[in-house]
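So the sequence lines, in the order shown, correspond to chains A and B.
Counted from 1, the first sequence has number 64 at position 76 by this note's numbering; the numbering is strictly sequential.
Counted from 1, the second sequence has number 533 at position 26 by this note's numbering; the numbering is strictly sequential.
It is worth saying that the hints were derived from the structure and are not from the lab.
Heads up, the beta-carbon is just placed ideally off N, CA and C, and yes, glycines get one too.
One or more of the hints may lead you astray.
Where chain A lies over chain B, by a calculated footprint (3+ residues, C-beta under 8 Å) [to be verified]:
id: 1; region: 543 to 556
id: 2; region: 605 to 613
Pair by pair, the computed Cβ-Cβ distance ranges are [what the hints assert, rightly or not]:
id: 3; chain 1: B; residue 1: 589; chain 2: A; residue 2: 30; range: 38 to 48 Å
id: 4; chain 1: B; residue 1: 576; chain 2: A; residue 2: -4; range: 43 to 53 Å
id: 5; chain 1: A; residue 1: 50; chain 2: B; residue 2: 583; range: 36 to 46 Å
id: 6; chain 1: A; residue 1: 32; chain 2: B; residue 2: 549; range: 36 to 46 Å
id: 7; chain 1: A; residue 1: 48; chain 2: B; residue 2: 525; range: 36 to 46 Å
id: 8; chain 1: A; residue 1: 2; chain 2: B; residue 2: 574; range: 47 to 57 Å
id: 9; chain 1: B; residue 1: 537; chain 2: A; residue 2: 30; range: 41 to 51 Å
id: 10; chain 1: B; residue 1: 561; chain 2: A; residue 2: 2; range: 35 to 45 Å
id: 11; chain 1: A; residue 1: -2; chain 2: B; residue 2: 561; range: 35 to 45 Å
id: 12; chain 1: B; residue 1: 512; chain 2: A; residue 2: 27; range: 16 to 26 Å
id: 13; chain 1: B; residue 1: 568; chain 2: A; residue 2: 45; range: 18 to 28 Å
id: 14; chain 1: A; residue 1: 53; chain 2: B; residue 2: 576; range: 12 to 22 Å
id: 15; chain 1: B; residue 1: 525; chain 2: A; residue 2: -9; range: 40 to 50 Å
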Amino acid sequence: KAGVTQTPRYLIKTRGQQVTLSCSPISGHRSVSWYQQTPGQGLQFLFEYFSETQRNKGNFPGRFSGRQFSNSRSEMNVSTLELGDSALYLCASSPGLAGRGVDTQYFGPGTRLTVL
Amino acid sequence: GDSVTQMEGPVTLSEEAFLTINCTYTATGYPSLFWYVQYPGEGLQLLLKATKADDKGSNKGFEATYRKETTSFHLEKGSVQVSDSAVYFCALSNFSGTYKYIFGTGTRLKVLA
Chain A
-11 KAGVTQTPRY LIKTRGQQVT LSCSPISGHR SVSWYQQTPG QGLQFLFEYF
39 SETQRNKGNF PGRFSGRQFS NSRSEMNVST LELGDSALYL CASSPGLAGR
89 GVDTQYFGPG TRLTVL
Chain B
508 GDSVTQMEGP VTLSEEAFLT INCTYTATGY PSLFWYVQYP GEGLQLLLKA
558 TKADDKGSNK GFEATYRKET TSFHLEKGSV QVSDSAVYFC ALSNFSGTYK
608 YIFGTGTRLK VLA
């Protein structure tokens, strides 16, 4: 099976702009989670989507939003970018089905966002 | 709430040394436990997992045993190589209506030739 893919791999934006990141999960996986990774804060959970619905949410401002399409692909949007949004954004997919035993997350390579 | 605590890094070892990275957790119910590894410039890769008490996960010479009595999942390897230099994350997955994942802060391992 193909792994989790993320596009683009690198982005450079300026403050105030907005950005959209894309994630294609492993075929058959219905859950997609997004994480922000920075040297200072480590790995922080943004949100999880399952069957086009946001199922879990972390503690990020409303500038961070996401959506999931019927084919389970997901996008994450950050509006009004700030310098502190510079980070590696990771997407992870899993089957996400309750009652089916262990649910293992598989990560993509990430999108490196730099805000100038 | 659920949490994962892992030892602070960086850990610096010589090649062929024995590795232990400590991980303890707090969780209700019966979580699954994971170790992920992140090489420079890449995403996290699943290294091994264990789904119930006394299970041992193993992969690429790494091992970890799910110890419910001590709420631990320590990562070990008998002889590290320079190529093992990476950041290692301990994580748990727990089900409470939906699956939730909790990651530790990561431990950087540097192996010197």
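How the hints compare with the structure:
1. For the region 543 to 556 of chain B, the stated coverage by chain A is satisfied: 7 residues place a CB nearer than 8 Å to a CB of that chain, which reaches the threshold of 3.
2. As drawn, the region 605 to 613 of chain B meets chain A at 7 residues by the rule of a beta-carbon pair under 8 Å; at three or more, the given contact holds.
3. One distance hint, 38 to 48 Å for the beta-carbon pair residue 589/B and residue 30/A, is violated here, with the actual separation near 25 Å.
4. The hint said 43 to 53 Å for the Cβ distance between residue 576/B and residue -4/A, and at roughly 47 Å that hint holds.
5. Distance hint check: the CB atoms of residue 50/A and residue 583/B are about 43 Å apart, consistent with the given range 36 to 46 Å.
6. At about 18 Å, the beta-carbon gap between residue 32/A and residue 549/B misses the expected band of 36 to 46 Å.
7. Our hint of 36 to 46 Å for residue 48/A and residue 525/B holds, since their Cβ atoms are close to 40 Å apart.
8. Distance hint for residue 2/A and residue 574/B: a CB-CB separation of about 49 Å, consistent with the stated range 47 to 57 Å.
9. For the hinted restraint 41 to 51 Å between residue 537/B and residue 30/A, the CB-CB distance of approximately 26 Å leaves it violated.
10. Between residue 561/B and residue 2/A the beta carbon distance is about 53 Å. The supplied range of 35 to 45 Å is therefore violated.
11. About 44 Å separates the C-beta atoms of residue -2/A and residue 561/B, a value consistent with the hinted range of 35 to 45 Å.
12. Checked against the hint of 16 to 26 Å, the pair residue 512/B and residue 27/A passes, with Cβ atoms roughly 19 Å apart.
13. At roughly 38 Å, the beta-carbon separation of residue 568/B and residue 45/A lies outside the given 18 to 28 Å, and the hint is violated.
14. The supplied range of 12 to 22 Å is broken by residue 53/A and residue 576/B, whose beta-carbon atoms lie about 43 Å from each other.
15. With their beta carbons about 32 Å apart, residue 525/B and residue -9/A fall outside the hinted range of 40 to 50 Å.
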